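In terms of numbering that gives the first Met the number 0, the first sequence has 554 at position 555, counting the first letter as 1, and numbering is strictly consecutive.
Keep in mind that a hint or two might mislead.
[Stated by the list, open to error] Straight-line Cα separation of at most 25 Å, SDA-like style, residue types lysine to any residue; simulated pairs:
#, residue 1, residue 2
1, 214, 180
2, 493, 120
3, 313, 367
4, 634, 126
5, 634, 545
6, 545, 301
7, 186, 165
8, 302, 317
9, 450, 425
10, 214, 523
11, 95, 187
12, 634, 282
13, 94, 135
14, 199, 136
15, 493, 473
16, 307, 326
17, 621, 578
18, 422, 180
19, 307, 350
20, 61, 554
21, 307, 523
22, 450, 472
23, 150, 210
[Claimed, not checked] Distance ranges between label pairs, derived from CB positions:
#, residue 1, residue 2, range
24, 377, 513, 40 to 48 Å
25, 494, 371, 44 to 52 Å
26, 477, 9, 20 to 28 Å
27, 182, 99, 50 to 58 Å
28, 16, 583, 21 to 29 Å
Quick caveat, the hints were computed from the structure, so don't treat them as lab data.
Nothing here was measured: the structure is a model prediction, and the numbers come from that model.
Built from N, CA and C at the ideal position, the CB exists for glycine as well.
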Amino acid sequence: MIDLQRHLNPSQFAAVTTTEGPLLVLAGAGSGKTRVIEYRVLHLVQSGVKPDSILLLTFTKKAAREMLSRASRHDPRCRNVEGGTFHSFAYRLLKKYARTVGFTESFTVLDEGDAEEAIHRCAAKMGFFDKEKRYPKKDTLRSLISMSVNKMVPLAEVLKKEYPHFMEYAGEIEQLRNDYTAYKIEKNYLDYDDLIVFQKLLLERDEVRERIARKYRYVMVDEYQDTNRLQGDIARLLTGPERNIMVVGDDAQSIYGFRGASHENIMDFPRHFPGCRVVKLEENYRSTQAVLDVANAVLENMKDKYSKCLVSAKGVEGDKPKLLFFRDAYEEAAWVAQTIKEQLDNGVPLHHQCVLFRSLYLSIPLQSELSRRNIPYETYGGLKFYETAHVKDLMSHLKVMANPRDELAWNRVLMLIRKIGPKTAGAITDEIVRCASLGEALTEVLSRYAKGHGYSGGLDRLVQVLSRCQGEGVTVGERFEDSLDYYIPHLKDKFDDWHLRLNDLEALRQISARYDTLEELLEDFAVEPPERGIWRVEPETKDEEKPLVLSTIHSAKGLEWDNVCLMGLVDGVLPVTFALDSEEDIEEEQRLFYVAVTRAKNRLFLTLHHEGTRGGIYQFNKMSRFLDSRNVLSKLDRREADRSGAAGTGAGKEPDEETAEDVTGYSKSTLLRKVLDLYRRS
DNA sequence: CCGCGGAGTGTTTTT
DNA sequence: CACTCCGCGG
Numbered sequence: 000m001i002d003l004q005r006h007l008n009p010s011q012f013a014a015v016t017t018t019e020g021p022l023l024v025l026a027g028a029g030s031g032k033t034r035v036i037e038y039r040v041l042h043l044v045q046s047g048v049k050p051d052s053i054l055l056l057t058f059t060k061k062a063a064r065e066m067l068s069r070a071s072r073h074d075p076r077c078r079n080v081e082g083g084t085f086h087s088f089a090y091r092l093l094k095k096y097a098r099t100v101g102f103t104e105s106f107t108v109l110d111e112g113d114a115e116e117a118i119h120r121c122a123a124k125m126g127f128f129d130k131e132k133r134y135p136k137k138d139t140l141r142s143l144i145s146m147s148v149n150k151m152v153p154l155a156e157v158l159k160k161e162y163p164h165f166m167e168y169a170g171e172i173e174q175l176r177n178d179y180t181a182y183k184i185e186k187n188y189l190d191y192d193d194l195i196v197f198q199k200l201l202l203e204r205d206e207v208r209e210r211i212a213r214k215y216r217y218v219m220v221d222e223y224q225d226t227n228r229l230q231g232d233i234a235r236l237l238t239g240p241e242r243n244i245m246v247v248g249d250d251a252q253s254i255y256g257f258r259g260a261s262h263e264n265i266m267d268f269p270r271h272f273p274g275c276r277v278v279k280l281e282e283n284y285r286s287t288q289a290v291l292d293v294a295n296a297v298l299e300n301m302k303d304k305y306s307k308c309l310v311s312a313k314g315v316e317g318d319k320p321k322l323l324f325f326r327d328a329y330e331e332a333a334w335v336a337q338t339i340k341e342q343l344d345n346g347v348p349l350h351h352q353c354v355l356f357r358s359l360y361l362s363i364p365l366q367s368e369l370s371r372r373n374i375p376y377e378t379y380g381g382l383k384f385y386e387t388a389h390v391k392d393l394m395s396h397l398k399v400m401a402n403p404r405d406e407l408a409w410n411r412v413l414m415l416i417r418k419i420g421p422k423t424a425g426a427i428t429d430e431i432v433r434c435a436s437l438g439e440a441l442t443e444v445l446s447r448y449a450k451g452h453g454y455s456g457g458l459d460r461l462v463q464v465l466s467r468c469q470g471e472g473v474t475v476g477e478r479f480e481d482s483l484d485y486y487i488p489h490l491k492d493k494f495d496d497w498h499l500r501l502n503d504l505e506a507l508r509q510i511s512a513r514y515d516t517l518e519e520l521l522e523d524f525a526v527e528p529p530e531r532g533i534w535r536v537e538p539e540t541k542d543e544e545k546p547l548v549l550s551t552i553h554s555a556k557g558l559e560w561d562n563v564c565l566m567g568l569v570d571g572v573l574p575v576t577f578a579l580d581s582e583e584d585i586e587e588e589q590r591l592f593y594v595a596v597t598r599a600k601n602r603l604f605l606t607l608h609h610e611g612t613r614g615g616i617y618q619f620n621k622m623s624r625f626l627d628s629r630n631v632l633s634k635l636d637r638r639e640a641d642r643s644g645a646a647g648t649g650a651g652k653e654p655d656e657e658t659a660e661d662v663t664g665y666s667k668s669t670l671l672r673k674v675l676d677l678y679r680r681s
């Protein structure tokens with residue numbers, strides 16, 4: 000038995016050892032939340048609770064894995080604790096109970112792109128786009144429908160708030176949502192939201208709920224502030240008569256409102272579970288006091304919160320975080336790159352440093368400065384490559400092998416072939432989905448089309464590959480490889496930058512080889528899309544050799560670094576312009592700022608530049624309103640127009656001397672833009 | 001019916 | 001600046 004007292008402070012100890020009854024843990028940033036979950040799992044297991052009767056729901060699957068593997072180091076039985084996201088848990092549950100909710104086990108999960116495609120089909124069937132009027136586009140329609148589900152708010156209300164100019168279509172969009180829902184049910188498709196919705200529907204059936212709640216006697220939910228109302232309902236439904244539910248969260252770090260998360264869940268927990276225990280973790284083990292002073296100042300400016308104040312347990316005052324102003328994006332980027340380099344020379348490995356952005360595209364100037372200095376980096380968040388065209392193309396081939404009824408996948412596969420467009424693809428697909436098996440589809444339908452048409456040659460090649468992959472003993476790796484071989488000519492045909500994309504697919508090939516079944520590969524791909532970090536071939540690279548991290552603030556949740564640079568602290572970026580007309584949205588941006596600040600252990604740099612080029616018009620960027628308050632500003636070491644670092648670009652020339660270097664050079668992309676601008680004017 | 005080229009548009013954050 | 005949509009020619 001492990002000595003918990005020795006490893007935990009009193010509040011952590013209370014959170015770990017309060018195992019019976021409802022428990023709300025309010026965990027400030029850096030207060031050892033992960034540690035609490037790790038030891039709580041361990042404590043339960045060591046007290047004789049069966050590992051598979053513990054359920055740990057987290058925000059990402061990576062987080063669950065991390066915590067469970069830590070706990071397993073003390074006691075290997077912890078490995079059998081069940082964990083994952085609400086979505087992945089739903090997936091497993093629904094695979095088991097598919098028929099109970101009216102699906103079949105072989106359902107396919109639609110990602111956003113697929114969902115848009117499906118919505119588009121339904122809308123087209125309704126004659127949506129035939130009319131004169133300008134209808135919302137498919138991505139707008141999807142996000143509209145999704146938002147109404149996630150916030151459990153009527154469609155018309157979402158419409159009124161987000162797209163008031165489309166109000167007149169409220170009725171039609173509602174009809175569309177119904178058609179789309181019917182379509183998915185008929186075709187055995189579930190989109191991300193459905194995973195949650197159907198999970199709830201399933202759990203609302205008493206006979207099922209009782210069974211599941213009996214199995215999971217201890218439920219823990221991490222990042223509770225980022226759950227939406229449906230997920231809150233699910234957490235409640237999962238809780239059995241013993242009411243052993245523990246939720247952990249920090250209302251000040253709620254940053255997923257756009258996805259329907261509501262801090263109502265965490266605020267209302269005591270109401271939903273009367274008599275619950277509340278434990279606050281306020282001692283911060285991560286940051287210096289100087290960093291926390293900034294964080295606390297930001298907290299002070301928030302309203303509607305559980306009150307808290309972060310106190311450094313490290314007892315280190317540390318340097319005051321610096322606020323730096325630059326003229327333009329390139330000076331800012333150069334200074335940051337230079338500073339990273341200096342820190343590296345001072346012995347802080349790249350992997351212990353990080354640069355954070357509101358959105359990843361803002362990191363482009365920095366990326367070029369880093370490349371120029373040969374500083375390796377990797378990016379977190381932003382571009383979802385599993386939704387990039389080439390990845391989806393290839394995966395569609397695997398999808399039709401796994402589920403020959405998947406018409407969206409077939410459509411994609413067929414459209415790649417020259418001379419096959421929407422009409423032909425549609426006609427062939429209609430016939431295919433009526434087939435009972437892939438074999439039948441190949442022999443009865445495809446081979447018939449593979450003669451006597453302009454596209455027959457291409458189609459024949461497809462038939463060859465799919466037949467080969469159909470064989471019994473063919474491994475997942477081999478199927479992937481065959482599909483890739485087949486796809487490469489299409490890839491080259493379709494994309495100019497095909498060799499970059501081929502790299503992605505090669506990496507994916509290695510991953511695919513690790514799977515035993517296609518179904519497992521597709522499951523992971525649907526519910527736990529691979530992140531960039533997983534692509535590294537070497538699983539155990541030494542910290543010193545790992546690259547610098549560039550991350551969105553969202554993707555940095557739960558992580559920490561010695562040095563953190565937060566760039567682009569400008570009104571319009573943080574907070575983003577879209578947020579500006581809603582008080583609520585601005586609040587969320589402020590929490591985002593809070594999350595960013597609290598990632599830093601020792602040193603924090605905040606930077607911004609004044610010269611903005613939004614849409615070709617120059618404008619003066621104002622400092623972010625979150626900084627522009629006395630209590631925050633006083634905690635910062637403010638440096639006006641510090642040019643010292645920008646020397647990195649100009650290679651340290653004397654000032655005052657009239658040289659070209661004195662002027663910041665255009666980057667290649669700027670130059671290109673300027674030239675194109677000029678062409679356009681002539 | 002397909003494919004291409006030109007015009008227009010809007011640009012976050014993620015399971 | 002990349003992606004989507006639209007209209008035309010083959």
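Exercise for the section: With a cut-off of 25 Å on the C-alpha distance, tell me whether residue 493 and residue 120 pass. Expected result: Holds - the C-alpha atoms of residue 120 and residue 493 are around 24 Å apart, at most 25 Å.
Problem - Range agreement (Cβ of residue 583 with Cβ of residue 16, hint 21 to 29 Å) - result: At roughly 37 Å between Cβ atoms, residue 583 and residue 16 fall outside 21 to 29 Å, so the hint is violated.
Problem - Given hint residue 180 paired with residue 214 - CA-CA distance at most 25 Å - result: violated, 31 Å
Problem - Holds or violated: residue 493 to residue 473, with C-alpha atoms at most 25 Å apart - result: It is violated: about 29 Å lies between the C-alpha atoms, which goes past 25 Å.
Problem - Hint consistency between residue 307 and residue 326 [alpha-carbon to alpha-carbon, up to 25 Å] - result: violated, 37 Å
Practice task
Starting from the range 20 to 28 Å, see whether the pair residue 477 and residue 9 falls in it by beta-carbon distance.
Solution key: violated, 56 Å
Problem - Distance restraint evaluation - residue 494, residue 371, Cβ atoms, bounds 44 to 52 Å - result: violated, 27 Å
Handout entry: 25 Å limit on alpha-carbon distance, applied to hinted pair residue 450 and residue 472
Key = violated, 29 Å
Exercise for the section: Take the C-alpha atoms of residue 302 and residue 317, compute the straight-line distance between them, and say whether it is at most 25 Å. Expected result: violated, 28 Å
Exercise for the section: Verify the proposed pairing of residue 634 with residue 126, using a straight-line Cα cut of 25 Å. Expected result: violated, 59 Å
Handout entry: Given pair status - residue 301, residue 545, alpha carbons within 25 Å
Key = violated, 36 Å
Practice task
Verify the proposed pairing of residue 307 with residue 350, using a straight-line Cα cut of 25 Å.
Solution key: Violated, at roughly 31 Å.
Figure legend: structure checked against the earlier numbered hints; hints not met, in rising order: 1, 3, 4, 5, 6, 7, 8, 13, 14, 15, 16, 19, 21, 22, 23, 24, 25, 26, 27 and 28.
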